[in-house]
Amino acid sequence: MEEALEGGILAGYPMIDVKVELYDGSYHEVDSSEMAFKIAGSMAIKDGTKKAQPCILEPMMKVEIEIPDEFTGTIIGDISRRRGRVEGQEPVGNTGNVIVRATVPLANMFGYATDLRSNTQGRGTFSMEFQKYEQVPANIEKEIIEKSGASK
1 MEEALEGGIL
11 AGYPMIDVKV
21 ELYDGSYHEV
31 DSSEMAFKIA
41 GSMAIKDGTK
51 KAQPCILEPM
61 MKVEIEIPDE
71 FTGTIIGDIS
81 RRRGRVEGQE
91 PVGNTGNVIV
101 RATVPLANMF
111 GYATDLRSNT
121 QGRGTFSMEF
131 QKYEQVPANI
141 EKEIIEKSGA
151 SK
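Residues 1 to 152 in the working numbering are what the sequence shown spells out, letter by letter.
Every clue listed holds true.
The calculated DSS-like cross-link candidates involving lysine-lysine, where the alpha carbons are at most 25 Å apart (straight line), are:
id, residue 1, residue 2
1, 147, 50
2, 50, 142
3, 147, 51
4, 132, 62
5, 132, 19
6, 142, 51
7, 46, 147
8, 50, 38
9, 51, 38
10, 46, 19
11, 19, 38
12, 50, 19
13, 51, 19
14, 132, 50
15, 142, 132
16, 46, 142
Simulated DEER-style distance windows between Cβ atoms:
id, residue 1, residue 2, range
17, 122, 46, 48 to 54 Å
18, 91, 43, 55 to 61 Å
19, 42, 66, 46 to 52 Å
20, 127, 74, 15 to 21 Å
Hint data in this document are derived by calculation from the structure and do not stem from the laboratory. Quick caveat, the model's predicted, so the values are computed rather than measured. Heads up, the beta-carbon is just placed ideally off N, CA and C, and yes, glycines get one too.
With these hints in hand, go ahead and build the complete structure from the sequences.
In structure tokens:
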């Protein structure tokens with residue numbers, strides 16, 4: 001069953017936070033084999049997960065961006081284009097800088113350092129760390145499934 005969970009049914013990605021209980025089973029000296037149990041377990045996992053309405057999750061990053069105040073609007077717009085949510089902003093003492101806090105999908109953060117430098121004349125910095133997993137929007141989930149060759 002563990003092998004079936006490693007290759008999820010939607011797009012081949014591992015399934016997480018799944019609890020599996022085996023209620024009944026039997027063993028026969030002639031007809032039972034390790035492969036037969038693997039096949040039965042895999043079939044049960046696939047059948048059960050289809051009934052559970054599975055979804056694809058994506059890693060969400062906690063992002064903190066320090067920028068000169070004059071670039072706040074540009075940076076907030078860029079975060080929005082990356083499917084991010086601005087959680088808040090606050091001034092950094094009397095420096096004229098501001099810290100913008102946001103949650104952004106990891107998939108949309110590639111190349112961000114270059115874009116941040118371009119958008120802030122090289123004066124912006126950022127840090128990010130994993131925050132949680134969230135369900136991918138339906139249109140993106142559909143694209144992922146189509147690219148993988150799987151079907152929902």
